[in-house]
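Asker: Based on the sequences and whatever the hints tell you, model everything.
Take a look at the letters that make up each chain.
There are 2 protein chains.
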Amino acid sequence: MASDLRPPEHQVAGHRASTDKLGPLVDGTGLFYKPLQAGDRGEHELAFYTAFAAHPAVPPRVRDAFFPRFHGMRLLPTPARSAGGEPYPHIVLDDLLAGIPSPCVADVKIGACTWPPRSPDAYVAKCVAKDRETTSALLGFRVSGVRVVDAAGADVWRPDRSELKGIDAAGVRRVLRRYVSTGGGDGIDCALAAKVYGGEGGVLAQLRELKAWFEEQTLFHFYSASILFGYDAIAAAAGGGGGGGAGVRVKLVDFAHVDEGEGVIDHNFLGGLCSLIKFIDGIVVEASEKSASGAS
Amino acid sequence: MASDLRPPEHQVAGHRASTDKLGPLVDGTGLFYKPLQAGDRGEHELAFYTAFAAHPAVPPRVRDAFFPRFHGMRLLPTPARSAGGEPYPHIVLDDLLAGIPSPCVADVKIGACTWPPRSPDAYVAKCVAKDRETTSALLGFRVSGVRVVDAAGADVWRPDRSELKGIDAAGVRRVLRRYVSTGGGDGIDCALAAKVYGGEGGVLAQLRELKAWFEEQTLFHFYSASILFGYDAIAAAAGGGGGGGAGVRVKLVDFAHVDEGEGVIDHNFLGGLCSLIKFIDGIVVEASEKSASGAS
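Taken in order, these protein sequences are the chains called A and B. According to UniProt numbering, the first sequence is numbered sequentially starting from 1. According to UniProt numbering, the second sequence is numbered sequentially starting from 1.
None of these hints come from the bench; they were simulated from the model. Treat the hints with care, since some could be wrong.
No copy labels: a pair is met if it fits in one copy or bridges any two.
[As the list claims (entries may be wrong)] Calculated cross-link-like contacts (lysine to aspartate or glutamate; reagent style EDC-like; alpha-carbon spacing at most 16 angstroms):
| no. | residue 1 | residue 2 |
| --- | --- | --- |
| 1 | Lys278 | Glu216 |
| 2 | Lys278 | Glu262 |
| 3 | Lys290 | Asp189 |
| 4 | Lys251 | Glu209 |
Answerer: See below:
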């Protein structure tokens, strides 16, 4: 197994593994290995996965549809320079993009606040500054990474982190439109909007199902977590409408700052999620109006 | 008109007018006079009322049901020591509690963040500290004031500001239960929960209608605004179920920090509103279960 380990080709956010740096790995059999984060973050994320996997109040449908399955911990060999070559603990999860031949991916960090309320002051100040520099405070979410490939799997668009960091609300709208475009270059045609965002099984339908759970659940507060979107460029280019046919996936990831809900809903995540839904819904409506006027 | 001006008896939050301090006044004919706040807050609030009153995209039903009607500005004589006795500008609004003989009132400031994202750093730091000291950050709202009277209009419960400031999630739940209780003293019986919170025209139905608007509206972001609840202790004590019979009112107030929405929903207000709905829904469910088990 270990011999096939490699950095995931379609990683769009977070630290990337290399010959001298720890980073997530995949093994080609559908598993994803995330190195335990330093300090208490790693332990915290591990504790979340353990609690979440066993929690009787989490609906099985929500767990299966929207969260990566947790497969425990594993010690893996590490790049020599980063950790002295010693085996390092990794959280083992489903590879969320496994089985998608040409995955187009977006990582959207949800919530206007990325800090759990009981964090130390200095950490809060750092997060507030970042939430205001990015679109988090204004939109309730920010785009952390995105990658669009063509049906052959070749990169069409993969902005680097600094490019995404500086964008405003209009920029976010452009990114979300380009994520479902096939135009190449700067051509933003939203040709796949109806297929990927719309329809049964599409992003919007999945986000709305997730929203219904967030209106009720008071178990966890997902500070600084992301929603990872994926679809298959090949399936999306082929016939058939609706997200179901485009291999659309909508999954929550990154749980190093999850707090216990203590009977209160996650108003911060829910608010950001509603904002994201509104953005994506706007794109679907616009695309369908455009295609209707084009057809008439 | 001016001769009948007096501080509203049922004010539960904000500065109170006195012989030497500016504060809101009512005139007994159904109008409420709010002194223009210092600095740019007053101008900002006035600009909001002006824009909101005329905005073609605000549904008339939302404007009429959930906002005080704006009647312009008026110069009113001031207490001598506070402003040199010079006439001072007041925003003229509907008195939201007019026509309720024995009003029970609660003021709930909505949103985990009370600061518009583009505020100066020092103001943000001050607000973040307060949002964390109170329940805002944790619950997405905080109770700023509450007053419960009996059918004769006599105070049953009127905690002072310091008492409300220190409360946690459990304390907020207790306040919201006591707001619909007739027990007197510490007796929290939730006897009016079904009538005030539940039913057609009740608080919950009104909050859900408001929520539907907030899921769509991208015109304004209501930072630091409150929802004011009112019901009539006399009507609530009389027969008939559902909030409609208890003279329930649910209104937004305090618009000194409203921001333009610029095409983005008010995720901060919406998240806090959903959290408040969940709290109140929990009280209604609990009260109905209790009354069902008591009846069997």
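Asker: Now, for every hint given, state plainly whether the structure supports it.
Answerer: How the hints compare with the structure:
no. : hint            : verdict
1   : Lys278 - Glu216 : between (20 angstroms within a copy, 7 angstroms between copies)
2   : Lys278 - Glu262 : between (28 angstroms within a copy, 13 angstroms between copies)
3   : Lys290 - Asp189 : within (10 angstroms within a copy, 57 angstroms between copies)
4   : Lys251 - Glu209 : within (12 angstroms within a copy, 30 angstroms between copies)
Of the numbered hints given earlier, the model fails none.
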